[in-house]
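Participant: Use these hints to put chains P and D onto chain F, whose structure you have.
Residue numbers (this note's numbering), protein chains in the order written: chain F, 1 to 162; chain P, 163 to 430; chain D, 431 to 1183.
Please keep in mind that the hints were generated in silico from the structure rather than gathered at the bench. All values reported here derive from a predicted model rather than from experimental measurement. Be a bit skeptical, because a hint or two may be false.
Every beta carbon over 12 angstroms from chain F, so not counted as near; a handful from chain D, in silico [stated by the list, open to error]:
1. E433
2. E487
3. D748
4. F1003
Derived DEER-like restraints, expressed as beta-carbon distance ranges [to be verified]:
5. P:A427 x D:T1047: 15 to 25 angstroms
6. F:T11 x D:E482: 45 to 55 angstroms
7. D:T1047 x P:S409: 16 to 26 angstroms
8. P:E283 x D:D1040: 53 to 63 angstroms
9. P:A175 x D:A490: 38 to 48 angstroms
10. D:E622 x P:G367: 49 to 59 angstroms
All C-beta atoms, glycine included, are put in the ideal place defined by N, C-alpha and C.
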Amino acid sequence: MTATTTTTRVTGVINGRERTLEVDNAALLLDVLRDLGLTGAKPSCEMEVCGACTVQLDGLPVSACTTLAVELDGRTVETVEGLARSDDALHPVQQAFLARSAFQCGFCTPGMIMSAKALLEANPSPSRDEVVHWLEGSICRCTGYESIVEAVLEAAEAMRDG
Amino acid sequence: MQILSDFRLHRPASVEEAVQLRAELGDGAALYAGGTELLLALKLGVLEYEHLIDLKRIPALKGIEVRDGALRIGAGATHREIETSPLVAEHLPALSTLARHVANVRVRAAGTLAGNLAFAEPHADPAALLVALGATVELVGSDGPRSLPVEEFVLGAYETDLGEDELIEAFVVPLPQLETRATYLKFQVLERPTVGVAAVARNGGAPTVVVGAVDEKPVRVEATGEVDAYVDAAREAVDPVDDLSGSAEYKRHLTGVLVRRALEALAA
Amino acid sequence: MAEPRSSGTSVPRLDGPAKVTGRAKYAVDLDVPGAAHGVAVRADRAHARILEIDASEATALPDVLAVVTAASLAPIDVRFGHISRDHPALAVDKVRYAGEPVALVVAETRRAAERGARLVRVRYEDLPAVIDAEEALADDAPLLHETHPGRTGDEGFHNTGGTRLAGNLCAENTLGWGDVDAAFEAADLVVEGEYRYPMLYGYAMEPYNATALFEEGALTVYSTAQHPYMVRDDLALMFGLPLARVRVVVPYVGGGYGTKSYTKVEPLAALGAYATGRPVRVALSVEEAIYTTRSDGAVVRARSAFASDGTLLARDMDIVMNSGAYSDNSPLVCAKLANRCFGPYRMQALRVRCRSAFTNTTPASSLRGFGAPQGNLASELQLDEAADRLGIDARELRLRNLVRPGEQILPGKRGVDADLAEDLRLLTESLGWGEREGVGFGISASDAGAHPTSTALVRIHGDGSASCALGATELGQGSRTVLSQILADGLGLPFEQVAIVQSDTGVVAYERTTGASRTTTLVGRSLLAACDDARRKIRELASELATEVEDAPGGVVADGEHLGYGDVIRRWFGSGGEVVGSAAIRKHGEFEQLPPFWEIGASGVVASVDEETGRVTVEQLTTVGDVGFAINPALVHGQDLGAATMCLGAALSEELVYDGSTLSNPNVVEYRVPRVGDLPHRVDQILAERRDGIGPFGAKGGGEGAGNPVGAAVAAAVGRLLGRYPRRLPLTPERVWRLAQEAEQRETETVRG
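This is chain F alone, in the form it adopts within the complex:
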């Protein structure tokens, strides 16, 4: 029961694949994911307000910058890299972001897409206000947001029809 080391062996599923890793207790999920080459989630504010590092942990969106990597243990993590096998098989949220040009520099986009995907999994038919409320914690500095809200609503429709 008493831990004697500052590392922990964890086993969890990342983008559909089970992984066992020895991680520093003090390591952040964002750093561990990026060290694995999953650089879609981005470091930005580092204080849970911008959303650029958003990944899904057991389906819910979390700030990977302020989540311990040990939380991977026994859990499922999805990052933007896990959504599409190829450009011809994009997730409906990705497809809608593409169709609506709901990005410019693209730095917030992976986090924005993961947050939107989590919303649509929790609420397949969100109203515009619900989309806005959900994304309130995700900052985009380029677009002015309108195309992002439109893309999420469009993706919701596509997922319901699909």
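Facilitator: Okay, now just chains P and D, sitting in the frame of chain F:
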């Protein structure tokens, strides 16, 4: 500069185990659940611990239920679980609404109500409403369980009555009787509330009004009679300070505005 | 040139698939093998002499490779700067602002470097600090630079107020004509006031980062730079390397908006690499980014003189900018603010003095529209106040005074290549001006485009497809897509047959900068010229293959036979081969007269105010994109809404706040940028395409204009709702609440006649 110092991680499977760890490790250990407040403080170097006691694997801390005429919210319940709980929506819609507007969706997904209260950051939402609702907190430590009103649990900024070997098991909110109404209104310019006002009226009786986020801990407004009396009393009762959210004068003014709006919402 | 086929359509962005899948690599994502990590030790005080830097504890850590200081790097001169070479990458002898890098700890891991940075002990002797710009210009103010830095002499910055500088004066620009005092004397109405525009943090979401390595006698740097060639020049000078041996590579960039113009963090990485012989990566946090660059705050004292019929007679503007500890681009911002502060209005007399002051704060530099938003607030609000005083409709008053197409705003400069009156009509119609409450709007015209130097290389390949390597940076504005459209049309090829490589100074043609809304216009023109050159060469080859050769889309007609470019190339070479076209534009000929184009801003809002709390809600936003010709309309809309939203932030919430000499909000928790919930319920984006620009097919630049009038527009809307015009941004709820309180006590204004 954001790095965490090394620490040992403990994952007790039961409340008893957690209490024992608390007793053993003393103030070198921090309780850890959602981490939304703790990890930020660790990253900023404001706090440093050699041990983290992860409470997320203790089944007894989970769940939201109605028991003995009260809503019992386990210490492990996240803001999101409270927001989406049908029981909370049915019995305490004001608490659902409050939870829905805590920070952002990621913080709500990870952060817990108990963590919020135990951290006792003054600029937070839940405490004021819990105080107004007459909620109690159930604690457990080496000497066994105890229970006290939330109002007495929060002592000041970042300060609570939580003993060194204790942890929070649950919050217990007496279920409103018929004709009870509750509301929580807040005004916010940055990431945390500038002013929050909770108002609860039971069976047409005099409302209980509590102001949060302004002082170091929730402030109960002592007044009777018309709305104006509450507004004046609230403005008197608070002791705001100047900060990036606004001057003391402005916050005192906002307190009055929100108290009036909260009472009007109750009456509506 | 033939009518374009690709240009004018909203073709999908080329960077889309990479960006929605997370595949797009930004500088912060690059994994340079063997890279060590550099973390800066930063000053914890605003102004102090450095007595000693004790790195012994840090260097004793097992993974720390070196602790680099300015002294340890001698004889390398660690200073850089494109206008004034006054900015040390690591503090020399003293620190001039809290947050300034004093040493760089290089270690095997980021964690070790951060640990090491915490262990470096610096002993200081405190000096008096000055934070306020006007106090900094006082005679007895603490002096930041004992020796005035002077100017580098770069032609592009010859107008940046570099003469007679002393004390803490970083730059001074004056401008004017006519007899100002006489005009004010004769005026029926004088509106007078002091306006304040906040210091801002651009918050490009990817903080500054760079990885540098020395190899084969050359320096390579991967970075977030908007202007890789300008960075190359600074680094070559610092390390005494030929330009050919410095390579700056910029992958995708996580936001620019001017904040990544010019050299930022690249010298730190390069100095770390120089000192250790290892590739070194320096990736800043947001807090460190805030301590790297902000925008210039400004205090504008403005007076405007009007005749009773609303004719603007004269303006007198006295401006002080808070420019921080080093020049960076502030002298150019100063020059632009002087040019942009009085608006696109006709007037018989003008006096402008704009001074940029060194203060013990984060160095200031470019941010979207620089100079324009600061000046526009005063300029437009005074028109609104005058309209109210004179009982003239605020739109009519502007229409009376706006310059007409072709008319000069600045004597000797290019006449206005826009129909501002028509833009204003489009704008006010959309806003329901005259019918609705809470409407505010504004107009601006900026001398944009920067120094018109651009070069392009176009290669037509053996299969007839074409590529181009150019130095304009894709910042998210969509330049890769737009320039590909122009390239396709320049050669008469389908969009799918062209490709563009950008922003690697080892590979691409020289480009001065990516900023000032210049890319579509100027790079577009050099690109078209390079296309012409390539087509000429194709015709030359074809004329060796046939007797009669004529130009045709995508190739030539040679002796009656249509030959694609690929046919010509393959036949001439026998196998493989390619044709290279090149071109340059410079301040010459068509581009002799500056600015290359005027960037127009015509934006407005409909707002409401909760007078009890002071909360302002923007219900509607309208932008008019007067871009001559929209090469890609969807991208123009994206730029306009993005610029307007950024300036809504400055209008309502964004402001860097100093408490004494300490920055109170060096993070995005307490520095609030617009969120999705701030998006106006209605957004109306209008395009005005009159083919009146100097760019491809009549295009001219956008991307900044739509934001420039937004601060004034919001302030005007709030002013109309409250009966009193605000004079300071941002309009935080508390400020608006106080304004509502004061609204009763209307201030006395000078009304004569």
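Participant: Which numbered hints turn out to be false for this structure?
Facilitator: 8
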